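J.: Residue numbers (my numbering), protein chains in the order written: chain C, 1 to 356; chain U, 357 to 702; chain A, 703 to 1048.
Worth flagging that the hints you see were computed from the coordinates, not collected in a lab. Fair warning: this is a prediction, and the values are worked out from it, not measured in the lab. Some hints could be false.
[Stated by the list, open to error] So the derived label-pair ranges between C-beta atoms look like this:
1) I1030(A) <-> T549(U): 54 to 62 angstroms
2) V838(A) <-> K201(C): 37 to 45 angstroms
3) V468(U) <-> R1039(A): 46 to 54 angstroms
4) K256(C) <-> V825(A): 49 to 57 angstroms
5) K45(C) <-> V464(U): 39 to 47 angstroms
6) A169(C) <-> I1026(A): 51 to 59 angstroms
7) V825(A) <-> G616(U): 26 to 34 angstroms
8) L894(A) <-> V464(U): 57 to 65 angstroms
9) N1010(A) <-> K45(C): 50 to 58 angstroms
Note that the Cβ used here is the ideal one computed from N, Cα and C, for glycine as well.
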Amino acid sequence: MHTARTVRRKVTLALAVTLVGAVVAACSSSTTTSPTGSATATSAKKGLTVYFIPKDTQNPYEVIADKGGQRALQELGGKVVVSSGTQDTAAAQIPSIQAAIQAHADAIVIAGNDPSALCPSLNQAATAGIKIVAFDSDISCGSSPVHLFINQANTEQIGTSEVDLLAKAIGSKGEIAILSAAASATNQNAWIGYMKQQLKKYPNMKLVSTVYGNDDPATSLTVLQGLLSAYPNLRGIISPTTVGISTAAQYLDTHKSLLSTLTLTGLGLPSQMKSYVHDGTVKQFELWNPDNLGYLAGYAAAGLASGSASLQTGSKFDAGKLGSYTVLAPSATTGPSVVLGPPTVFDISNIDKFNF
Amino acid sequence: MSVITAPAAAPTELPVSRLESLLRARELGIALAILLVFGLTTLNNHAFARVASIQQLLIGAALIALLGVGETLVIVTRNVDLSVGSIVGLSAYIVGDLFKYHHNMPVVLGFVVAIAVGAAIGAINGFVTTVARVPSLVVTLAMLYVVRGVDGLIVNGKTIDPGSIPKAFTAVGYRTLFGIPWLAIIVAVVVATAGYAMRSFRSSRDLYGIGSNPDAAVLAGIPAGRRVFTAFLISGSLAGLAGALFLALHAQIDVSGGTGYELAVVAAVVVGGVAIFGGSGTVLGAALGAVLLNTINQALVASRISAFWNGAIAGGLLLAAIAFDRWLSLRVARSLQSAEGAHRDL
Amino acid sequence: MTSDLPTMTPVKHSHSVVENGNGAPWRALLRWESALVVVLIGALVFGSSESPNFLNPTNFFYIGMNMGEVAIMALPLTLVIMTGEIDLSVASMLGLSGTVMGYLFSNGWSIWLAMAAALVVGVLGGALNGVLVAKVGLPSIAVTIGTLALFRGIAEILLAPRTVTGFPSSLTTIGVVPIQGTQIAYSAAIFLGLAVVAGIVLHATPLGRALVAIGLQPEAAQFSGIRVNRIKIWLFVLSGVVCAFAGILLTLKNASVSYDAGTGLELNVVAIVLFGGVSIFGGRGTVIGVVLAVAIVGALQQALTQMNVQPEVQNIVIGVLLLISVVIPNGGEAIRRIRDRARRHA
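Produce the entire structure from the sequences given, and follow the hints as far as they go.
T.: Here's what the structure looks like:
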């Protein structure tokens, strides 16, 4: 992974230098050199203010992502203001959007608690000239406002790879269940949709139940126990939420007899899952680097605000150390989006390499 | 000079057997309800009667039952403690944080710290309620906000991961003794101790007097302020203990720990027969109320009835419980009146 | 007799107002409301000191928009608390009515019929509360905790885990644009209108005086011919309808609804009403105080968010405000009591 980044950096540098040459030749305008050394006329402006509005200010995954965003804007000579509420509701995020408008922010990066409730306020922000970027959890506002969605991984790929991972572990046969987060979370429902689709490829696997743990350890434990008692023949559990999978892992760790028939996988933070992988409770799970997600979102927001990035399909923008990213075409369910990369599968062989 | 007997001692000879039997009937009634729900569910899903399932039933109810003990003490005196959920979250996080940075800290110290944190907040609740004479609903509601806010500031987006908690501590969360989970044993011991104390010690029986008739209690010489303060102190301490047990059970904690517990506890306590206006109810009833509500929760899921029915059923049960309590207290009042009448004739 | 003088738990506050003559309560009230005005000015100064854009009309529009639903719910709750009861089911009714509206709308009903149905649900829910409290005689705190769970539970059964969207945009813009030509949010305007009505009813009509009487001296009110039970039932029905209306407004403002809309708001509403100077025991309080409390909390929350103070601090601020709102009036009495006791022992 380290080498790939270095290669990408060299390629970006080469591209950038070429672009610089072209621009200088074309319009003899001054170029700005950003501290990382990639000198290009299409790099972001300095002094930008970007408001990061996570689902809430305490979700550890989002906290890591916000830090990534702060890193990005720091490299660009701008600043990030992290603002949100304490509850995972749209109502808690609206005052933060208003604060961004009042502060004349240049862009908003938001993880939506609700697909539609935020649209009116975000539309007001867009009318005031603020660029809108969604990350982690998308919003669904059509063209009011238009926005760029920074997807952590290809939505479909997350769904299908989760099912594939589990299928391999349980021999593609048996009853399985999903332990999700909040029932209304956009990203969860999107992934679950693709999981259900992928399950059609495994006729001997049956999804018997989906339960909601609300990203809260106590609730997750309760619904997990309910699952186990309602479906004693359960073979596998997919928990595409870091709180859900760590709660389930802790339970299995203390009830090891279940491991002879039950396999757990899902999306988890390596830092939380380390001990479970080492003692064999969980063999494999996936995630991506949330820090990179925030970093990419920060660069995207800065790019949009500076005019060096656009929502046009196929347009590219610079994302600092991550290289260059291309805007993907809208689909039936999503507007213009950018995908961070494929999810990483963590297992005993690589789990110690990560510190997030 | 006329002797004013304390109200707690008032129902002495004749009515006590009827009173006591009616009260005992309540606990029995709840126990029967638990068995009924358990039986019906098992018919539908045999796995519900497995050892593992029963252990889950006990563990699932344990924390709310523990909180119910402290809440009973408070509600019996005609007060309420709404801050217990926030106390659970705060004490759990503080202990978790301590373990994270002092991995060799003895397990017992973890419990001591948790109880101390809870006791401190309970003391504040008790002080403001008794000395500043602020209604406990308002004090504990305010503390709910303040403690949650302080917890948020301390947690600051972090989370305590399972690797940080020593196994010796989390063992309390899942180890069993002859098949009974340690968690359930600890809570049962607390319930038994509190139950015994409430029946036997004069100072605990004072609590009932304060709740049934605060003015008379004071006139009878009961140091009401001190008693109520102690009730809040105990409620806070038990909430702190519940925080430590929460951490042992889940092996991880973030800012959401304990949110919403306060209403679940009040519901369990009321279902368990503790009158919301004070003066009657037992900790055993409260604990059984917690077990009943949790059993119904898990029974619904085990019967594959959508988990979405939980809230409505809990709410309906609570309403039924207080209606039943009302009917019961009317009967008791009538029987007391007839007993008084009989007494007067003697 | 023991010299341990009363530091008793608070009881129905019948004594303090009986001591004061007719004019004195007014004076006492005005003192609290004047203090609120000072606090409001302080909050606005605080907000503008840290954030240059604070005092502009758009910001007032935002405050109105954010506080609208909570503020509207605070009005009937004020009247309910004035009579010595409480309604903790307000936020669940808000959620249930929005859910019903969304559920029916998503099943093809016309938006107007769906809204009417939501209001009917408010009437029914409020009637349930009212009958259980006034007719059956159950304590309102327990009943409304039960209906809090019940209403939310029904909403969960109806709608979870879906979110309903697609409401007609002509209606959904009402929540997010100010009234033409001004910077006043529609919900703020509705709130102020309702506040005027509530204020007139409470302070200038026989009905209002009856409410105060019920809160201060329930038995006396009953004997003086006031139909206490009927009034209480109607108050709960009113609370149900107004909260249902707030639920409709919130749904339209968000242009979407899910079953958990408004979860947890009940404590905010209670805190605001109490902070506005309404006594939890009933019989004391003004609508103006509640309006000021709404403005203060709204301004403070907006100021803190714009200064990017952590939201946890907002929780602490609300809790402290709540404490202050009761400690200060009671504190004076407490100091007097301690002084008296010291003098007696000297």
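J.: Now look at each hint and say whether the structure bears it out.
T.: Results for each hint:
As the Cβ distance of I1030(A) to T549(U) is approximately 39 angstroms, the hint placing it in 54 to 62 angstroms is violated. A C-beta distance of roughly 58 angstroms is found between V838(A) and K201(C), which places it outside the suggested range of 37 to 45 angstroms. Look at V468(U) against R1039(A): about 36 angstroms separates their beta carbons, and that is not inside 46 to 54 angstroms. Between K256(C) and V825(A) the CB atoms are about 55 angstroms apart, so this pair conforms to the stated range of 49 to 57 angstroms.
Judged by the Cβ atoms, the range 39 to 47 angstroms given for K45(C) and V464(U) is violated: they are separated by roughly 58 angstroms. The given range of 51 to 59 angstroms is respected by A169(C) and I1026(A), whose C-beta atoms sit roughly 58 angstroms from each other. The beta-carbon spacing between V825(A) and G616(U), approximately 28 angstroms, falls within the hinted interval of 26 to 34 angstroms. About 58 angstroms separates the C-beta atoms of L894(A) and V464(U), a value consistent with the hinted range of 57 to 65 angstroms.
Range check, N1010(A) to K45(C): about 22 angstroms between beta-carbon atoms, so the 50 to 58 angstroms window is missed.
Consistency note: the structure conflicts with the earlier hints numbered 1, 2, 3, 5, 9.
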